[in-house]
Amino acid sequence: MLHSTLFYISAIVMLASALAVVLSRNAVYSAILLVLTFFSLAIMYLLLEAYFLAVLEVLVYAGAIMVLFLFVIMLLNTTREEAMPKLIQLQKAASLFLVVIFIFGILLLIVGGTTELHQAEVISTVGSARALGTALFTDYLLPFEAASLLLLVALIGTVYLAKRKM
Amino acid sequence: MVVPLEHVIILSGILFAIGVLGVLFRRNALVIFMSIEIMLNAVNLALVGFSRYYNSVDGQVFVFLVMTLAAAEVAVGLAIIVALFRNKQTVNVDEINLMKG
Numbered sequence: 522m523l524h525s526t527l528f529y530i531s532a533i534v535m536l537a538s539a540l541a542v543v544l545s546r547n548a549v550y551s552a553i554l555l556v557l558t559f560f561s562l563a564i565m566y567l568l569l570e571a572y573f574l575a576v577l578e579v580l581v582y583a584g585a586i587m588v589l590f591l592f593v594i595m596l597l598n599t600t601r602e603e604a605m606p607k608l609i610q611l612q613k614a615a616s617l618f619l620v621v622i623f624i625f626g627i628l629l630l631i632v633g634g635t636t637e638l639h640q641a642e643v644i645s646t647v648g649s650a651r652a653l654g655t656a657l658f659t660d661y662l663l664p665f666e667a668a669s670l671l672l673l674v675a676l677i678g679t680v681y682l683a684k685r686k687m
Numbered sequence: 034m035v036v037p038l039e040h041v042i043i044l045s046g047i048l049f050a051i052g053v054l055g056v057l058f059r060r061n062a063l064v065i066f067m068s069i070e071i072m073l074n075a076v077n078l079a080l081v082g083f084s085r086y087y088n089s090v091d092g093q094v095f096v097f098l099v100m101t102l103a104a105a106e107v108a109v110g111l112a113i114i115v116a117l118f119r120n121k122q123t124v125n126v127d128e129i130n131l132m133k134g
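Just so you know, the protein sequences line up as chains A and B, in that order. At position 108 of the first sequence the residue is numbered 629 (this note's numbering), and the sequence of numbers has no breaks. At position 58 of the second sequence the residue is numbered 91 (this note's numbering), and the sequence of numbers has no breaks.
Hints in this document: simulated from the structure, not taken from any laboratory. Note that beta-carbon positions come from the ideal geometry of N, C-alpha and C, so glycine has one too. Be aware that a few hints might be false.
[Said to hold, decoys possible] Across the chosen pairs, the derived CB separations fall in these ranges:
(1) B:116 to A:631: 34 to 42 Å
(2) B:87 to A:662: 19 to 27 Å
(3) A:529 to B:131: 46 to 54 Å
(4) A:591 to B:120: 20 to 28 Å
(5) A:680 to B:127: 26 to 34 Å
(6) B:102 to A:618: 39 to 47 Å
[Stated by the list, open to error] Computed footprint of chain B on chain A; a stretch qualifies when at least three of its residues, placed anywhere within it, have a C-beta under 8 Å from a C-beta of chain B:
(7) 528 to 542
(8) 551 to 559
(9) 565 to 577
(10) 581 to 590
(11) 618 to 627
Could you put the whole structure together from the sequences, leaning on the hints where they help?
This is the structure we're talking about:
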């Protein structure tokens, strides 16, 4: 089946590029690989029939947020990674161990769960911009306005932090 | 039904774990920040999966709000990192261990 094949291919691309973001030595490579992660996530959103969110993922994450990241990386010019002392090696081994336990716990929780997760096959009616917009402007009007306030606060805070002489 | 819901959630869990690994593993504040973005996206993926399988728009509204939050968070966080770099000339979080400004 074409859909599920495409889903699993983009899943593999997403996991590989996310891992490469974490392990890459160069912060610029990390940023570019993060764009790839976001694009494969957008493909997955499309296959899950969340069309509007797929467009937003590319516009907001791959467009706006990553441009901001790249600007700051190039502004700070700290792409080189320094040599690691022994203590940090130990720290890395410990973090790897913790993450393996974490993944194991998640998988155990999902695979060992008692509830049946499969639903009857239905045609999704909620992925369009129209459905999302209707929900946002009726049931979720207050959170929507709160989000606009949050953006204003973030804007003012960023300008203040960037301007201040420290 | 394209894929079973379990696969979407397992994928989301693994992606979240990769983000956790990034936060614990790396010392560069910018890469730690990117790992936080990966974690936010992992949660978004789980929400979209649930929204699809319960055919409910609520999950997608949450994803919309999380994206707004992520945009605001990135703007403020990167401003803080730039301010830190001006002060300390480094973005290595192990060297930034004093609260004194």
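These are the hints, each one checked on the structure:
A hinted range of 34 to 42 Å for the beta carbons of residue 116 of chain B and residue 631 of chain A is consistent with their spacing of about 41 Å. Evaluation of the 19 to 27 Å hint for residue 87 of chain B and residue 662 of chain A yields a pass: the beta carbon distance comes to about 22 Å. The hinted window of 46 to 54 Å between residue 529 of chain A and residue 131 of chain B holds, with their beta carbons roughly 47 Å apart. Taken as a hint, the range 20 to 28 Å holds for the pair residue 591 of chain A and residue 120 of chain B, whose Cβ atoms sit roughly 22 Å apart.
For residue 680 of chain A and residue 127 of chain B, the hinted distance range of 26 to 34 Å is satisfied, since their beta carbons lie about 30 Å from each other. Separation of residue 102 of chain B from residue 618 of chain A is about 31 Å and departs from the stated range, judged on CB atoms against 39 to 47 Å. Interface restraint, the region 528 to 542 of chain A with chain B: holds (8 residues with C-beta to C-beta distance below 8 Å; minimum three). Using a Cβ-Cβ cut-off of 8 Å, 5 residues of the region 551 to 559 of chain A lie near chain B, which meets the minimum of three, so the contact claim holds.
Chain B is given as covering the region 565 to 577 of chain A, and this holds because 9 residues of the stretch bring a CB closer than 8 Å to a CB of that chain, at least three being needed. Counting residues of the region 581 to 590 of chain A whose CB lies closer than 8 Å to any CB of chain B gives 6, which reaches the minimum of 3, so the coverage claim holds. Under the rule that three or more residues need a Cβ within less than 8 Å of chain B, the assignment of the region 618 to 627 of chain A holds, with 5 such residues.
The structure is inconsistent with hint 6 alone, although it conforms to all the rest.
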